[in-house]
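With chain A fixed as given, assemble chain B onto it according to the hints.
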Amino acid sequence: MRKPKSLLRDSLKSVHRNTWLVLVVLGLGLLLLADRFYPPYRERVDDRADAVMRAERAQALADVLPKFQAKLDADNARAQPLIAQSFIHDNPEQSLEQFRERVDAAILESGISGTVNLNAESDATGQSAVLSLTAQFQSFPQQLTDLEQRLLALPWLVHVSAIEIKVMPNTPDGVPQLGVVMTLKALHAPPDVTAQ
Amino acid sequence: MNVRTLLCRRRMFVLLGADTITVFSGRCHWRGYWLLSDIQTNSTPADLSVDFLANTLRAYRNQHRMHEGCHVHWFLPPDMLAVAFLPSDKAIEGLILPFQADQVHTTLFDACEQGEVWLWMHQSWASLLQRAADQAQCHTLYVHPRVMLVPMTESGVAALAQLPDSWNVVKDGAYLHIFKGNRSLRSLALDSESTAGDELQADLQAVRLNLETESIITAWTGGALDNSVPVCATECDVDEALVGSLTRSAQTFPSAHALSSNRLHAGGLLLGSLASEVQRQIWMLVAPLMLVMLALMVGAYVHYHQAGEVRDQAIQTVKKLAPDVRRLPQVKQDIQRKEDFLSVADQGLKTPDVLKALGSVVDALPVKATLHTFTADDVKIEVQVSIAKGSSPPKALRLKDSAYAELTLQPNEESRVSGQMPLHIYQAPVKVNAP
Numbered sequence: 001m002r003k004p005k006s007l008l009r010d011s012l013k014s015v016h017r018n019t020w021l022v023l024v025v026l027g028l029g030l031l032l033l034a035d036r037f038y039p040p041y042r043e044r045v046d047d048r049a050d051a052v053m054r055a056e057r058a059q060a061l062a063d064v065l066p067k068f069q070a071k072l073d074a075d076n077a078r079a080q081p082l083i084a085q086s087f088i089h090d091n092p093e094q095s096l097e098q099f100r101e102r103v104d105a106a107i108l109e110s111g112i113s114g115t116v117n118l119n120a121e122s123d124a125t126g127q128s129a130v131l132s133l134t135a136q137f138q139s140f141p142q143q144l145t146d147l148e149q150r151l152l153a154l155p156w157l158v159h160v161s162a163i164e165i166k167v168m169p170n171t172p173d174g175v176p177q178l179g180v181v182m183t184l185k186a187l188h189a190p191p192d193v194t195a196q
Numbered sequence: 001m002n003v004r005t006l007l008c009r010r011r012m013f014v015l016l017g018a019d020t021i022t023v024f025s026g027r028c029h030w031r032g033y034w035l036l037s038d039i040q041t042n043s044t045p046a047d048l049s050v051d052f053l054a055n056t057l058r059a060y061r062n063q064h065r066m067h068e069g070c071h072v073h074w075f076l077p078p079d080m081l082a083v084a085f086l087p088s089d090k091a092i093e094g095l096i097l098p099f100q101a102d103q104v105h106t107t108l109f110d111a112c113e114q115g116e117v118w119l120w121m122h123q124s125w126a127s128l129l130q131r132a133a134d135q136a137q138c139h140t141l142y143v144h145p146r147v148m149l150v151p152m153t154e155s156g157v158a159a160l161a162q163l164p165d166s167w168n169v170v171k172d173g174a175y176l177h178i179f180k181g182n183r184s185l186r187s188l189a190l191d192s193e194s195t196a197g198d199e200l201q202a203d204l205q206a207v208r209l210n211l212e213t214e215s216i217i218t219a220w221t222g223g224a225l226d227n228s229v230p231v232c233a234t235e236c237d238v239d240e241a242l243v244g245s246l247t248r249s250a251q252t253f254p255s256a257h258a259l260s261s262n263r264l265h266a267g268g269l270l271l272g273s274l275a276s277e278v279q280r281q282i283w284m285l286v287a288p289l290m291l292v293m294l295a296l297m298v299g300a301y302v303h304y305h306q307a308g309e310v311r312d313q314a315i316q317t318v319k320k321l322a323p324d325v326r327r328l329p330q331v332k333q334d335i336q337r338k339e340d341f342l343s344v345a346d347q348g349l350k351t352p353d354v355l356k357a358l359g360s361v362v363d364a365l366p367v368k369a370t371l372h373t374f375t376a377d378d379v380k381i382e383v384q385v386s387i388a389k390g391s392s393p394p395k396a397l398r399l400k401d402s403a404y405a406e407l408t409l410q411p412n413e414e415s416r417v418s419g420q421m422p423l424h425i426y427q428a429p430v431k432v433n434a435p
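Read top to bottom, the protein sequences are chains A and B. According to this note's numbering, the first sequence holds residues 1 to 196 in order. According to this note's numbering, the second sequence holds residues 1 to 435 in order.
The following block holds chain B by itself, in its conformation from the complex:
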């Protein structure tokens, strides 16, 4: 955001002529230049007074509903706000004679190699304008020379564009503005006897009637007037031309000729203070920021307390659940012990009771069979029997105990004992984990 935008508000622009006063209201465009509108022109009395100016401003402000304390830009004729060229080798005091330095307001208007162009105004005029504005509940901010508006009118632009290096003399009603190219060097009020008739002769001889003009040009060129230097003389009534331009251009300036805030500041004498506007804009920026920060801090404070409540609730939950949390590892440990025990028990008891198998085998033996050995472990059960002569061994021995499969006769598995009957071997695998 730049200062031009910061200083944007409606302002009053007042153009004073020899016998007219024209008032505009200005609104700052976002691109930084002022758009003038609401033109009102009145005639002025011969004797310009504070009351007249105050009434004019008050009437305009009330009619167009401008805010109290609005700023005023005055565009003044050269007999109120002088525009004077000061060669490089001259002192400023030479411009403001016969006044004391503390009796006048001065400001630099333009500068170049040949010298400087100054604005100066007696403090009585400044006081008059400030009193008039104060009575109308306005605030005089700047005073500007009428010559500033010349390049902003169509006829003024045309006049200055003819020969860029020429001396352009523009007659603005009862005032004369002297330009070197586009640079304004001098404005002065014409004495009624010094002009030859109502028409300005497009000729240097007619301009030479004003000795001061000639001296300016002589000082600029550093010597006597050279007739080969082109001088263009044009007539341009700033009041009428300005009003016409505004009316035709739908009350907006083309951007090339716009009144920008920077241009107004550089081309005017600051009588008022920019402080109130700047302070207002600073506070307009700072206040929302502070509100946002305050809202953030309030939000943080509320969040702080809410976080405390949530924290306390969570601590209470932890305390309430602490017994269960402490118990869980113990339960896990108990489960581990039980499972270890059960694993051991399953491993140790996986085989069925072999004494029961002995009884089943004895029951299953045929009558003429004799049991010689009985072996049972966690892999197999084996019996060796002998069969009485005349009987053949059964092929299998079916046990009543369901934990064991039937014992089958093993072929070619005879063990012969010298002098005794052959033994028949019956085997069966053990069902692991059988009851």
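Next up, chain A with everything else stripped away, as it sits in the complex:
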């Protein structure tokens, strides 16, 4: 004895349970497959994006390298001649000491005698430095000329940046004597600056 319910309900009830079972199994199987496959897929996609980004970054840096290399070459062309004439030591104090010794030797070799006061200092910017030496002495004009030649002959660049010369009153033998305060400058470069 049947009392009909709605068409939808009766229709769905008429379907064999195996059909629903197959559908559920298929659906669950697909979901399981998707669940198993999705994390490695996601990971692979993320890896790809990361690798592509790193490759693009590397390419961008590699593309820029020639420009920097050209700049370095240009700086080397300007700097190398000066570096070759600089005092090269690990620290400016060592360079300053060597500078002082060489200037003192040049003064002595020029025949300048008497009291020679040498005050040295360095002005460092970063690792390079300007070496400054103030020499105070008395000499004859020829000795000053000789000193100039000896300083020019040094393998380092020694630059006279300031000088004060006072002509002393005539000496008993009539040869004018000069009171000289001379400021000499040279360059200090650390060893790693010399790399090309």
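Just so you know, the hints here were simulated from the structure itself, not pulled from any lab data. Note that beta-carbon positions come from the ideal geometry of N, C-alpha and C, so glycine has one too. What you were told as hints is all true, and nothing was included just to trick you.
Here are a few chain A residues that face chain B, going by a calculated C-beta distance under 7 Å:
#, residue
1, SER11
2, TYR41
3, VAL45
4, ASP47
5, ARG48
6, VAL52
7, ALA55
8, LEU61
9, LEU72
10, VAL130
11, GLU148
12, ALA162
13, VAL167
14, LEU187
15, VAL193
This is chain B only, laid out in the frame that chain A set:
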């Protein structure tokens, strides 16, 4: 998507009368009701057989190219599918005597306060119809009472609309349908001796010839027949009226009287199974979804491998460019060192060599001038000279060295030394960064 759309396919509708069989094909409209068309009416033999029914169905199916296994709706007369009213206080077994309950198929047709209207059919009739359909490669789905079609004909609608609260008795050929208002309560086959002539008298006395009808009405009203209760008697040949309605309305039912799938389900005895149709529709929905999911998964798999290749290529690129990438910071550092050095060098060497200036000054002095002091630094160059008596100091001393401007005599800048000649001061600014 609702079930009505899911169950949409062409179906066969068969209307059995006393001596005619009318077959229609139905197509489901998207709004959920069936549109009947392709009407074919044949006469039936006195002895209805399985072969006759099967041949009729087969011929129609072949003629109208209906698919194998199409579903069939049978509209049957009350002597095959009975329509009976069961008062609330009565049991269903009273309706189906003398048959056993397991020998008949029953289904509820309608229900109200006064009772229920049931459809019931003996299983032999059900077997006959199912065999006939099977022989014709069709599938019997529902059997419905002829009375269902009465409100769907123009004359039937007119008959039932006269007095909504009246008892409407509709003579449908050899059958009688009793309505209370629009509700069908009973259908029965008329005995040939029980009618007085061919015309139905529009009078209750003529209807009372059928005792069963009277008992129905008595049971409904709960007492003896009241002559004040209006009874309308109408004649309506469902076969002719239905065919006429379909023909006139261009083979479509007006929506108000349409055969909807829900109405067919509620007003019929389900002999077949809805499973095949539902399964077909489920698979029609599921299969594309599964194909789409499969395509997505295949696409994802291909993409997975492509992503791997791209990743490997990118890693190779990174490895190839690694030396350049490692070198770049070193190059930048070298540039920084060089620029620091050059900056220091420029700063330290910005002034020209002053010893050279001394020589130029000595060369530029006039013959009668005597140099007393020479001062040069990164700001200016200054000399103090004395001029012999009788000569005036030059206004400027032009030096051969282009690094220095000409030394100009500074006015009122004399320093007098007691007992000695006045000193003249010449000055010039230093050109910074001159060679």
